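A.B. asks: Keeping the supplied structure of chain B fixed, place chains V and P upon it in accordance with the hints.
In order, the protein sequence lines correspond to chains B, V and P.
Counting along the first sequence from 1, when you hit position 123 you're at 123 in the numbering used here, and nothing is skipped either side.
Counting along the second sequence from 1, when you hit position 38 you're at 38 in the numbering used here, and nothing is skipped either side.
Counting along the third sequence from 1, when you hit position 137 you're at 137 in the numbering used here, and nothing is skipped either side.
Hints listed in this document are in silico derivations from the structure and should not be mistaken for laboratory results.
Don't take every hint at face value.
Any copy will do: because identical chains look the same in the list, a pair fits if it lies in one copy or spans two.
[Said to hold, decoys possible] No more than 30 Å apart at the CA atoms, straight line, and that leaves these computed lysine-lysine pairs for BS3-like:
1. 150 <-> 131
2. 131 <-> 27
3. 100 <-> 150
These figures come from a predicted structure and were not determined experimentally.
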Amino acid sequence: MADDVRLADRNEIELLMKRYCLYFDTKHPDSLAALFTTDARIDYGPEVEPILGRDKLRTMVANGAATRFESTNHQICNEIVIFESDERAHGTSHLYAWHKYFGSDVIGHLWGGYRYQFRKVDDEWLISDLKLFASGTEDFHRSQMHDFRKILES
Amino acid sequence: MADDVRLADRNEIELLMKRYCLYFDTKHPDSLAALFTTDARIDYGPEVEPILGRDKLRTMVANGAATRFESTNHQICNEIVIFESDERAHGTSHLYAWHKYFGSDVIGHLWGGYRYQFRKVDDEWLISDLKLFASGTEDFHRSQMHDFRKILES
Amino acid sequence: MADDVRLADRNEIELLMKRYCLYFDTKHPDSLAALFTTDARIDYGPEVEPILGRDKLRTMVANGAATRFESTNHQICNEIVIFESDERAHGTSHLYAWHKYFGSDVIGHLWGGYRYQFRKVDDEWLISDLKLFASGTEDFHRSQMHDFRKILES
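Same shape as in the complex, but just chain B (with noise of 0.2 Å):
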């Protein structure tokens, strides 16, 4: 088994995952929009529109920072990488999201999960998509939420 496991590229593909929390909570737009597709879709809805492509997600990362969150701290775990083929894959990873806003002492918690598709562009796997789920919320600044009960169903 030890060939279709993949381990190289599991490990590559699961430090996109990583990267995207380390990036996000340290404010580095630019570093976390260069691990998704050119054409990449992020889904934080269903209250907000998807975003289409790296460039629109850099900009609103980079305006978050800037005028939202004051900080935050994104926790991934249970990370999980399906191949479709030796140029796709996707996956879910659990998630909690800790979020101080600007001109607040409110704390907005998110517990949660994404759901991700991968694909090889160049020999280099990137984020093609990506969408976020919540078991729950406590203080956050969105109600509605797409039902992590249904992320293998999405």
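C.D. replies: Same frame as chain B, but now just chains V and P:
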């Protein structure tokens, strides 16, 4: 050392730990039960008796999903796997678990971990023993738990 | 790329991060200290001075386990390891840490991360430098912490 770390086996075993969380939280008791040996022992006690066998686990998890837990979110980390032989391993993880109960707005929190035993059956690793430990809880539906500080001595 | 991801080394190093948590929370200061080089530098500041050396770390952790922390639960994730040479690496993780203090029912929470340096000594990877960062805390026993948003610049 590359040989004896058994990276492919380790990856397969860690996926058992992660899929347990994913299938619990997405309410897939059949998929969850299939991660265990037919004779697995699952100890969520000491307030409740250990569950003996994959079939009883499936029933209990299905009942919990239908009648007690409206939504859950199980986050494991610090996965450690130690091989005893080609077909036996044991390990630990830390755990944070979030529980939304039916008919209540109270959220139950648990900080702790799992102790696992694994067995290779027909060339596939499975969980043969699972024991839940807690460091602490808040608004949780159980008051007495195995003490996480003793997880290495159990 | 399979070669330069060094999966076996990466696994060995990630186990250092994970065992630090497990040994802290199960109160095994000797096992915890053995994860570090004899001359390791551990910075839990800036309110306290860095700890210099494995022996001082062992003493401090043992004292904390005996007099301050009745129970703790350290959950790391987003483990990232970057190799500098065959014998040097550095990395980061995110962290949530739960603290129950002796003589109090208050729980101290910390959301943040660690920055690590690793060194291979006698064919074994060890932690040579550990620095704790926080995004935020609640009821924690320290008020000033290194800023997690700066973890990549330190």
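A.B. asks: Of the hints stated earlier, which fail here?
C.D. replies: none
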